[in-house]
Amino acid sequence: METKVIEEAADIERVLEKHAGAGRDHLIPMLQEVQERCGYISKLAVSRIGDHLDLAPSKVYGVATFYNQFRFQPKGKYHFMVCRGTACHVKGSLKVLDMIRNMLDLEPGETTRDRLFSLEVVACMGACGLSPVVNLNGEFYAKVTPKKLASIIKECREEENENEQD
Amino acid sequence: MIELEVDGRQIEARPDDTILSAVTRHGIDIPTLCHMEGLPPSGACRLCVVEVEGNPALVPACSSAVAPGMKVRTHTPRVLDARRTIVELLLGSHPDDCLYCARNSKCTLQDLSENLGVRQRLYRGEKTVRPTDVSSPSITRDPDKCILCGRCVRVCEEIQSVSAIDFAGRGCDAMIATAFDRGLNLSTCVNCGQCIVACPTGALRERSYVDEVVAALADPGKMVVVQHAPSISVTLAEEFGTKAGQDVDGKMVAALRYIGFDRVFDTSFTADLTIMEEGSELVQRIKDGGPLPMLTSCSPGWIKFLEHFYPDLIPNVSTCKSPQQMMGAVIKSFFAEREGVDPADIVSVSIMPCTAKKFESSRPEMAPEHIPDVDYVLTTRELGHMLKMFGVDLMAVEADTADTPFGERTTAGKIFGASGGVMEAAVRSAHFLLTGTEMAELDVQPVRGLEGAKEIHTKLGDLEVGAAVVSGLGNARVLLDQIRAGRDDLHFIEVMTCPGGCINGGGQPLGADIEAVKARMRALYRIDREEEVRVSHKNACVQRLYDEFLGEPLGEMSHRLLHTSYARREDLAEAGSKD
Ligand code: SF4
Ligand code: SF4
Ligand code: FES
Chain A
374 METKVIEEAA DIERVLEKHA GAGRDHLIPM LQEVQERCGY ISKLAVSRIG DHLDLAPSKV
434 YGVATFYNQF RFQPKGKYHF MVCRGTACHV KGSLKVLDMI RNMLDLEPGE TTRDRLFSLE
494 VVACMGACGL SPVVNLNGEF YAKVTPKKLA SIIKECREEE NENEQD
Chain B
309 MIELEVDGRQ IEARPDDTIL SAVTRHGIDI PTLCHMEGLP PSGACRLCVV EVEGNPALVP
369 ACSSAVAPGM KVRTHTPRVL DARRTIVELL LGSHPDDCLY CARNSKCTLQ DLSENLGVRQ
429 RLYRGEKTVR PTDVSSPSIT RDPDKCILCG RCVRVCEEIQ SVSAIDFAGR GCDAMIATAF
489 DRGLNLSTCV NCGQCIVACP TGALRERSYV DEVVAALADP GKMVVVQHAP SISVTLAEEF
549 GTKAGQDVDG KMVAALRYIG FDRVFDTSFT ADLTIMEEGS ELVQRIKDGG PLPMLTSCSP
609 GWIKFLEHFY PDLIPNVSTC KSPQQMMGAV IKSFFAEREG VDPADIVSVS IMPCTAKKFE
669 SSRPEMAPEH IPDVDYVLTT RELGHMLKMF GVDLMAVEAD TADTPFGERT TAGKIFGASG
729 GVMEAAVRSA HFLLTGTEMA ELDVQPVRGL EGAKEIHTKL GDLEVGAAVV SGLGNARVLL
789 DQIRAGRDDL HFIEVMTCPG GCINGGGQPL GADIEAVKAR MRALYRIDRE EEVRVSHKNA
849 CVQRLYDEFL GEPLGEMSHR LLHTSYARRE DLAEAGSKD
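Which chain is which? The protein sequence lines are A and B, in order.
Okay, so the first sequence: first residue is 374 according to the numbering used here, each after it adds one.
Okay, so the second sequence: first residue is 309 according to the numbering used here, each after it adds one.
Isolated chain B, as found in the complex (with noise of 0.2 angstroms):
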């Protein structure tokens, strides 16, 4: 341990501590911009200086070590005045049309300013002034809102490994682009939204379906079905101001249901057919001998990276569509079907934890003749948002249950919302399809947390299988780079595009930090320990669709509606040729 003096008072630091590690610990606050949780240290916008004795110039408190008998001052006059400048020479060159902002009341900078007492324009800075990038089915990009704070940037080169933006131009002509600054939609963008929760201000935002989908509640010729993934229900109330980890699964199947939606069904549904479909396909992969290992298909980010940077491993990945398409693709057949209603009366909504998914709805293969599979996704955010519109208030409202047949569910499906979660359910499932027999214990420690890789080797029966788990694309590449060196030892892997899975997801509330995605996760665990039913293949329902529809698993019939295939994405090159 190390003791400092900071502000006059003694605190412990360890000595891997940064002074903004130690000081945030005891509770003092200092405001960051370029400082990012689990990175490395860029020291880039000196928002963080603190005064430390001895020393001349004001330091970043982010990128100093602490050192013992160090005294810091954290908030005096000269440190203030120093933030202050920085805050507004941002602002200098910022645009004032906070009331149209999709951030208001939730940005970074305006809460530094506000902080730091900013009270009149002093700076008027010039800055080119660029058009909105509206190409991407996900992500918009608003270059004027920029600070060019380079948070996106890190987070997809560092953590996701995609590196669809960077900087680029300098002075007053610099900005965030793509290469050639072509549109997002053009680029290597997985549309993961990892750059949208990074962002400080309204510069990236999700494309927003709200008002169409507001549209089609309003229209009387429309049955208006909503399906929610497995996460939405442990981070919506945070968007009401509650702490993270509130699972609020009733309150929010009424909330739909009041503002007008004809029916509420729940993903995890899905989740468990998926676990039908994948662990069947698993099996007969294993028996027929390959490829392996099998790569999941449930997260839309992932796919996109897979066809960009690693096409070689297409056939690894299973053909199965993601819970969402196999929602929806049910919701326009089975359904439409048992209901009389004609598919093209039928809008499809789903509420997600992710911007991938507005992606991977609006993909051609997930439009059979032309009838999208899904038609509107709304981040949990959106819903929120949504939610608000209609003057819910959603901790007030009464908890209802989900619509039949696609209501029911497994706790196996709920934990496809943490990273780790497919596989624990895959596993579990995959036991007894190999044996005939459940598992004594149904826990599969090993895959649980928070880690960016995770490996399982067990044994099903007589067979001794190796699996692992991936969340965050950076770490996936990791493991992929061995697969591709000839790594044998796997057969089953578990990718999820953004770190700690869909609870982490880029469409989900924002100023989470490693505590809240940890009380969401705990709060998907919750349910898994205390419901009854915690394996797909007891999903009554489930058993019931492919009763009266499906037939089994991977027969005809699943392979229309259920299943897919992809392909390798044209690179840079190639589209330059044509231009």
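Extracted from the complex, chain A is given alone in its bound form (with noise of 0.2 angstroms):
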């Protein structure tokens, strides 16, 4: 965890000097690019880039939460992607993120307390044809039902398990 947060640390750092005498009009782009880096904005990013900027945290979040495309908690181990999409939504998407939502007790942009599992809600993946589309740490999963998540679910906590016996 410590080496985590330091490599974190010196990553948005590196965003800083990247962009050295930067105005205002900057704070989206060192965003992306701290999210890029960490995976996250945290509240260290928050605080340096509002230093760097002349900006108070609560601006710097403020502007940041306007935009979907960023989060504020690292991402899990399992990281789930719903899309929702307008072909998705047509084929039942809604409750495959309420079952999501309700299984892990999560909501969009979260994290599990644990760091296992966490959760984003996309537009489109680009992958209509299989609708409903659930991504998990990169794999496609198709036409996804409940049960069918349910069973994702349950995949990873076994997996979990195991690891810890070991």
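Some hints could be false.
[To be verified] Derived DSBU-like pairs: lysine-lysine, alpha-carbon spacing no greater than 35 angstroms straight-line:
#	chain 1	residue 1	chain 2	residue 2
1	B	K435	A	K516
2	B	K767	B	K595
3	A	K464	B	K435
4	B	K435	A	K520
5	A	K448	B	K379
6	A	K527	B	K435
7	A	K391	A	K521
Don't read these hints as lab results, they were simulated from the structure.
Assembly of the complex is requested from the two constituent chains, each provided in isolation within its own frame, with the hints serving as guidance.
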């Protein structure tokens, strides 16, 4: 954990260096670059970017939350992306989303306390033929039904239990 | 002068007028929501729209300049319709529970819907339900009542330069939030309450302690003691519908006694005590070479601001506790001993113009041996509310005088309630301390008035001193940046969190415009003008307190009871590394 924090801090500093002397119009690109490097926008990132651009943290956070692309918690070990594009919507992606929310007690953008699961909603993943689509750690699951989803989550949990026993 | 026609009448306007400012001066009331006195218009709410001949669209009066020959119509059916629709849409996502709302009958949204004749719910908008933020000891935030007008965000940023809150999210998820939507208590919020005063709805209000105080009054095992801040007597009457600027000191004392307080003390007494301590501290710093400039410490919002944003200047701030906390400290020590009461059986209440005082009284530094100097802080508004609860008609009450030993005050302590008052009181006494003589003319005009930044350079005996007075933290920031950059002609700086000082505090009666604040200020200086004893060092009860108990200013006992220290506050980055 410690080294991760230090790496994150270093990543953030690198972004600041790249935007040395920048004005407030650099806010969004800076947030994007931090998210790219760290996977999320941490409190440290908001604070450092705020210092850099002379913006209050509430302002940086406010701007960042205006766009759906930013998350404020690190991704979990199992990162679910649920497509809410039109095709998936028609095929019942809302049900799938609700199911994940209930089963994992998670809202989009959040990560469970144990850092295992995280959830993200995306507009369209370009896989409309497979709708409704869920992506878990880069792998696509096509035509997801609540039942199928339950078994995916169960598998993740089993994998974890095994890991723990080792 | 510019001539224009408004509703068929010719009126004169100044060249820098907006339609709004011009017509308001002529007694025409145009409703506004996002418009804020003294700040540039944001033109966001469109409630102030009017018709201007030759202009097909309605134009916002708050952000449109007047022009010669302009023809304006302020209340046509089209205008009224537009305004009504705006209010109906706002109500669309607003709860219907006015009866239970802290702002019932004092709500701008209610007034608007009443004035525009909204009689039914036309829309039912979707809005994310969020919990009330009760994390702060000073401010309660109920996001369900928020209509996203942005007034709180603007005061917090543009007047106070704190920016604890801002817009976050969007669409029906839009809200006002701190960074990472954490509790207000974890943000840089300094608890000034200026956002409450700005809020048109019940979304922001003080954290109320009325119930706790009522319970204490009913407890026969408790001795309940109350102190009232210098500015309360000149603002409380407004809660009972009078014009601003009436001093009701005696009536208020009587009313407090009537509802059951066992002793009524005047915080102006410890304001005098503060002058003795702080004045001595200043003289000592000048003799010992610093750290200078010395910064005042009576305004708790400012102290938290300093801890967040200027921790490097903490050594410059006076170590004196604020008058409220000094009073609390002497009540639970000297007074308790004299009365033979266990301090644990005393409930110490204070009536303050201020929401940050609630925070201050809850600071661990203010509870030696875990017994808080002050138990509950009520704002002027809460006192008004409580008196009504107890059926007291303030204006009909016969005046009475405060209790000994902490009821006597000089007018120097009283003017603490206005920006510049602490400085004036300090200058009067510092002159005496340094020269042994009284100033020929006690009025210190340059530090009076509502300007956000004032300065004087004067001679106290042989000593050339520079002093500055700032109110509103945005003004404080400008001056502190100069100090950081090396400015060194100042010895003493008075900082008040709220613009104009306590008379315009975040706990004062709502709806005061600049004229009302001026009237409150005049009331304080009238008292100063009309009374005999105008210098803190002549407060006989303060002298007696030194003789019988404290010893001397800055002595050992003073240090233990009346002084404290502050520390830098953790920022978001440090907080983040912990979770
Ligand atoms: S109390 Fe003052 S500092 Fe806190 S949010 Fe309101 S305006 Fe900002
Ligand atoms: S909390 Fe009050 S002042 Fe702030 S945006 Fe909401 S309604 Fe406006
Ligand atoms: S008051 Fe003019 S647009 Fe809001």
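Within 35 angstroms, alpha carbon to alpha carbon, are K435 (chain B) and K520 (chain A)? Within the cut-off at roughly 31 angstroms; holds.
Taking 35 angstroms as the top limit, are the C-alpha atoms of K391 (chain A) and K521 (chain A) close enough? violated, 45 angstroms
Is K464 (chain A) within 35 angstroms of K435 (chain B), Cα to Cα? holds, 26 angstroms
Hint check: K448 (chain A) vs K379 (chain B), CA-CA at most 35 angstroms. Holds or violated? Judged against 35 angstroms, a Cα distance of about 60 angstroms means the pair is violated.
Assess, step by step, whether the Cα of K435 (chain B) is no farther than 35 angstroms from the Cα of K516 (chain A), and give holds or violated. Holds, at about 31 angstroms.
Regarding the pair K527 (chain A) and K435 (chain B), is the alpha-carbon distance no greater than 35 angstroms? Holds, at roughly 34 angstroms.
Against the 35 angstroms threshold, does the CA-CA distance of K767 (chain B) and K595 (chain B) hold or violate the hint? Distance of about 15 angstroms is within 35 angstroms: holds.
Violated hints, in rising order: 5 and 7; the structure is consistent with all others.
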